[in-house]
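Residues per chain are reported as follows:
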Amino acid sequence: MSVATTTAGEVTRTISSGRRKDRSMGSLVFLGLLWFSLFFGVMVLLVLIVSTAVDGASRFDSELLTNYDSVVRPETTGFRAGILGSLWLMALTAFLAVPLGIAAALYLEEFADKERWYNRLIELNLQNLAAVPSIVYGLLAVAVMALLGFQQTGIVLGGSTALALLILPVIIITTREAVRAVPDEIRQGSLALGATVWQTTWRQTLPSAIPGIATGTILGLSRAIGEAAPLVVVGLAGSLRFDPTGVLSQVTALPMQIYSLTSRSQDEFQHAASAAIIVLLVLILGLNGLAIFIRNKYQRTW
Amino acid sequence: MPTHPATASTRNADGAEMAAMATVTNDASREVSVVPPEAVMEAFGLNVFYGDFHAVHDVNLNFGKNEITALIGPSGCGKSTVLRCLNRMNDLVVGARVEGEVNYHGQNIYARNVDPIAVRTQIGMVFQKPNPFPKSIYDNIAYGPRVTRMKVDSMDDLVEESLRGAALWDEVKDKLKQSAYGLSGGQQQRLCIARTIATKPDVILMDEPCSALDPIATARIEDLMLDLRQEFTIIIVTHNMQQAARVSDRTAFFTARPDETTGNRTGLLVEFDRTTDIFSNPRDKRTEDYISGRFG
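These protein sequence lines are chains A and C, in that order. Reading the first sequence from the start, the letters are residues 1 to 302 in the working numbering. Reading the second sequence from the start, the letters are residues 303 to 598 in the working numbering.
Be aware that one or more of the hints could be misleading.
Said to hold, decoys possible - Keeping only pairs whose Cα atoms sit at most 27 Å apart, straight-line, the calculated DSSO-like set for lysine-lysine is:
| hint | chain 1 | residue 1 | chain 2 | residue 2 |
| --- | --- | --- | --- | --- |
| 1 | C | Lys477 | C | Lys502 |
| 2 | C | Lys477 | C | Lys437 |
| 3 | A | Lys297 | C | Lys502 |
| 4 | C | Lys437 | C | Lys475 |
| 5 | C | Lys479 | A | Lys297 |
| 6 | C | Lys437 | A | Lys297 |
| 7 | C | Lys477 | C | Lys431 |
| 8 | C | Lys367 | C | Lys502 |
Calculated directly from the structure, the hints in this document are not laboratory data.
Same shape as in the complex, but just chain A (with noise of 0.2 Å):
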């Protein structure tokens, strides 16, 4: 039937019958699950950090960020050894892992004959080495640094060297994400002026996709400022009392630090670990919002 020979009772009866389908029984529960869903999830989320926090309220001061661990007076017992160590290793992971990582990703993408077995054989492995556990790059990393012949156990090095393997592939997918959203035409435009495909990748497709890759890098750091698996196995101490001075200086890390003292039975370590607990996570939300910020602020649209 066409359009035209609708008539105006026919309109009345199909589209205003006084029922909408759309809140019909079905649809409804349908939706009251999925609400359900996302407010489960939420509240866990939220009565853990509640909870968290309100344990170590006690010792929000600023001798929790200033003092080191002690054990003769619990109650003024600090993480400065444990932040200090983690702001080392992650400078030192960020040195280790962005330039690798970005060279990988330029060269897959801008590169690489994607036919050739070798290129599809790394493609195979990366995206499997985003779903290894990271206490297998603890263990890789220990290996690295005994067959560098490091004797020392627990140095800033070889928790760097674990976490930068750990955030590679992180880095190396979402960098190939920003190159690959760069378009064709500006490539095309930059060869057919007679630019090389290295100059061509270095003033246009790289410069487009810095704030892709500052968001992947920033995003991979929050990840490793979290871990304590790895560095368990690399040997990092749980607790130190003297500032990191230097890649081969002995460090421990927020996390670690976290770990250590809540395996002491006193409540006053028990208040100080939560409290750490929540100024990591402030570490890592704080990163992952500079993330977001750079994405939102730098993003184009072609």
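Fit chain C to the given chain A structure using the hints.
This is chain C only, laid out in the frame that chain A set:
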């Protein structure tokens, strides 16, 4: 404007476009010799394959100095592929293979000792969609000379000269440091033309340069092409037959022939002649059908 079958056809008889066409300064008086004067580029037995797919079959063409040659034909007839062979942009397509010769001043650009990068500095290209770089207007123009390490006395002068050459200077002279993305589509396309002429090429290839533009911007680009013809040799691919009729000196008509066994469509050259002859007196039945709007 002479009435030829193409303008009489109803297929593109969009009112706005017709109005814009009236503003194009068509120099119908221009004499076009029967034989191209001095061939800047020639294609001999050009065959292009994408993997096993035979995209273009045996094309022979020559492009005269300071002339505009239009490549027309239905979609999939290989005209863009031929164009992209002329400055080796097809090298960048994985699996593309070119057979035959493309001579530029007698030198085969597919010879073993030829550097495709050097070819592209001599034979520039303007694309279908305006593709300015995400940089300032100034840096867009300066990019080519910088990457090719061209000897430039004053970059400011070169930028001005190129923008004047592309009839864009008056519109952008006060905002050279602003992003090229702030320009309109037509201005962006003229910027891309300015960017191309900044590297002082000999030949400019244009791949449907107006297909993303409105009729007024199209008319300006067409005017510009007629100006640029004084200095450059221009080869243009277009879907718009009126455009070919308006600007080109010579026209090559391509069509696609389906393979009997696989059904893959291979492009081939049907007719190559002076534009006036192609449109008023086509020798091939297929050309006549196409330009009169009966197929394609």
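Here is what the structure says about each hint:
no. : hint                : result
1   : C:Lys477 / C:Lys502 : holds (24 Å)
2   : C:Lys477 / C:Lys437 : holds (12 Å)
3   : A:Lys297 / C:Lys502 : violated (38 Å)
4   : C:Lys437 / C:Lys475 : holds (16 Å)
5   : C:Lys479 / A:Lys297 : holds (21 Å)
6   : C:Lys437 / A:Lys297 : holds (17 Å)
7   : C:Lys477 / C:Lys431 : holds (23 Å)
8   : C:Lys367 / C:Lys502 : holds (15 Å)
Going through the hint list in order, the structure does not satisfy hint 3, though it satisfies all others.
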